[in-house]
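K.L.:
With chain A's structure known, arrange chain B on it following the hints.
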Amino acid sequence: MEYWNPYTETLPREKLENIEFSYFKNMFSYAKTHSALYRDKLKGIEADDIRTVHDISKIPFTYKEELRAYQEIEPHPYGGLLGVNIQDVTTFRQTSGTTGKPVYVPETYESWQWRIESWCHILYMAGFRPRHRVFLPFGYNVYVAFWEAHYASEKVGCELVPGGALDTRGRVNKIIEIRANAMMNTPTYGLHIAEEAMNMGIDPKSLGIERMLCAGEPMPEATRRKLEDLYGCETYDHIGGTEVCGWAGMCKVKKGLHIIEPFFLVEILDRETLTKEVGEGEQGVVVITPLGRRSFPFIRFNTNDVVVKGHSNCSCGRTSKMIMEVVGRADDLRKIRGVLFSPKTIEQLIREEFTDIVEYEIVVERKGIMDEITLRIETTPKLGKDDVENLTKRLKERSKVKTNLTCKVKVEPQGALPRYDLKAKRFKDMREVK
Amino acid sequence: MMDEIRKEIRNIEKSAERLKSLAKDNNAIRKNAEIILTYLYILKFITPVWGEEDQ
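The listed protein sequences correspond, in order, to chains A and B.
Heads up: the first sequence runs through residues 1 to 434, numbered per this note's numbering.
Heads up: the second sequence runs through residues 1001 to 1055, numbered per this note's numbering.
Do not take every clue at face value.
Dumping the calculated BS3-like pairs for lysine-lysine here, alpha-carbon to alpha-carbon at most 30 Å [what the hints assert, rightly or not]: (1) A/K155 / B/K1044; (2) B/K1014 / A/K155; (3) A/K32 / B/K1031; (4) A/K25 / B/K1014; (5) A/K425 / A/K382; (6) A/K408 / A/K367; (7) B/K1007 / A/K155; (8) A/K155 / B/K1020; (9) A/K408 / A/K428; (10) B/K1044 / B/K1024; (11) A/K155 / A/K254; (12) A/K25 / B/K1007; (13) A/K15 / A/K155; (14) A/K155 / B/K1031; (15) B/K1020 / A/K15; (16) A/K252 / B/K1044; (17) A/K32 / A/K15; (18) B/K1014 / A/K32; (19) A/K335 / A/K402; (20) A/K32 / B/K1020; (21) A/K396 / A/K385; (22) A/K15 / B/K1044; (23) B/K1020 / A/K58; (24) A/K254 / A/K205; (25) B/K1007 / A/K15; (26) A/K32 / B/K1044; (27) A/K410 / A/K425; (28) A/K25 / B/K1044; (29) A/K101 / A/K43.
If you want the ones that stay clear, here's a sample from chain B, every Cβ over 10 Å from chain A, calculated [said to hold, decoys possible]: (30) A1016; (31) R1018; (32) L1022.
Since the hints were made in silico from the structure, they are not lab data.
Note that the coordinates shown come from a computational prediction; the quantities given were computed from them, not determined experimentally.
For glycine and all other residues, C-beta sits at the position ideal for the given N, C-alpha and C.
Isolated chain B, as found in the complex:
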């Protein structure tokens, strides 16, 4: 299940990065996309990969 979770985190990260770049001229959308990225940093931190068997 953790593999699925990590995969989903990566998908959301791609979307949030794209959202951020699409909204270069819109402070509100860009800032909210950055906040999503903040939580993705934490999500990655709490779903660590510990070795090859878990990749």
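Chain A extracted, bound-state conformation:
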């Protein structure tokens, strides 16, 4: 069968939107009566005031800073974010804290199972089936996507192998030992496992991984294709967040991500005013309302994720709204010498055109009154001095074309740059370091 839920995944748009509107109103009422945050925030707005889908835009956004502020009150540690009695909470989750103090996320058995059901769509779309032995090469710790992946794999019927407490070589050996044929990882770590396998004299293709689902970082198309080439496998992307769950996944057509409807009401709003839904092919900020999760209700959460909106007529037959590309987090887009710069552009360039670069880092510094970008790179050991010089020259030229900014290139010795298991931090804006 092609779909996880053929009923909801192929509903006509109008019906899906009606269902989501009805679910939104229910969640609005629930949040207002069960969460301290929304008792305060939605004062003066009633569910009956939301008569049409256009009225949703009158409801204020929720920002991460508000979540942080309201979790400071009792009951500890969730405070005013809780939508249930604290005794009903069965699992603690938290955000990674990349952008500040972590947000603590309460899950009841029900809300966790709701998340897992949503995640099953992501896995099934990516072709994960009961025949797959799925290796998760991490100790998951606070990274909720991998916990979701773990439980959703079980629910879909795969055989799940947790791969924590091993180093990368140990994981390569484990994949061989148990004959894992599917894997879920960050794109960065997928590349690193392949690199380490090659250092061990093992062709990553011989590992037998036939399917890979990536999480945790925006993945340029060139990186996705590189993973496919390295492992000889099908590689899929998805997007999600600790607060909201995985909310969109890639089908076998591999042209964008399907939003998991009707689990989420997803608005993609213009970046300047956040008031208008953008058109197909335009960039916008994602605002999400999970429509059935009661332990931690939130309404119109501004994720700060910037995406390119897609169509809703994928040849796979799903009728869900789509996003064509994840551009990155709005916080990652920086003005450098007056030009808007996205670190993802550099990643796309390196993965696509500079396959001899095995690791890189982007450093932005202020020198006097000028901002300066340095691309620190590590190349494969096989390159000679002339090759490295040519590569450096070409990277300077191509990065200028792609970003409209002049970048310095610094070649580092083997192993000088950090390798990452989970979220890679390859972009360092030193202008912010006081």
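P.N.:
Chain B in isolation, oriented as in the chain A frame:
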């Protein structure tokens, strides 16, 4: 067919609620009945009714 499915979900819900109330003094049975109700919440969520024609 969806009507039949929704009807069956409602039947199971009634049974699970009854099971829960019958087992007030038995943690194991009550908790398992509650877990059935959790999945019924999800089953209802993924079999939505969108309008009168579908009631």
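K.L.:
Against this structure, judge whether each hint is valid.
P.N.:
Results for each hint:
no.	hint	verdict
1	A/K155 / B/K1044	holds, 18 Å
2	B/K1014 / A/K155	holds, 25 Å
3	A/K32 / B/K1031	holds, 28 Å
4	A/K25 / B/K1014	holds, 26 Å
5	A/K425 / A/K382	holds, 26 Å
6	A/K408 / A/K367	holds, 13 Å
7	B/K1007 / A/K155	holds, 24 Å
8	A/K155 / B/K1020	holds, 25 Å
9	A/K408 / A/K428	holds, 14 Å
10	B/K1044 / B/K1024	holds, 25 Å
11	A/K155 / A/K254	holds, 24 Å
12	A/K25 / B/K1007	holds, 24 Å
13	A/K15 / A/K155	holds, 27 Å
14	A/K155 / B/K1031	holds, 20 Å
15	B/K1020 / A/K15	violated, 35 Å
16	A/K252 / B/K1044	holds, 28 Å
17	A/K32 / A/K15	holds, 26 Å
18	B/K1014 / A/K32	holds, 28 Å
19	A/K335 / A/K402	holds, 15 Å
20	A/K32 / B/K1020	holds, 29 Å
21	A/K396 / A/K385	holds, 17 Å
22	A/K15 / B/K1044	holds, 16 Å
23	B/K1020 / A/K58	violated, 42 Å
24	A/K254 / A/K205	holds, 21 Å
25	B/K1007 / A/K15	holds, 21 Å
26	A/K32 / B/K1044	holds, 22 Å
27	A/K410 / A/K425	holds, 18 Å
28	A/K25 / B/K1044	holds, 16 Å
29	A/K101 / A/K43	holds, 27 Å
30	A1016	holds, 13 Å
31	R1018	holds, 20 Å
32	L1022	holds, 21 Å
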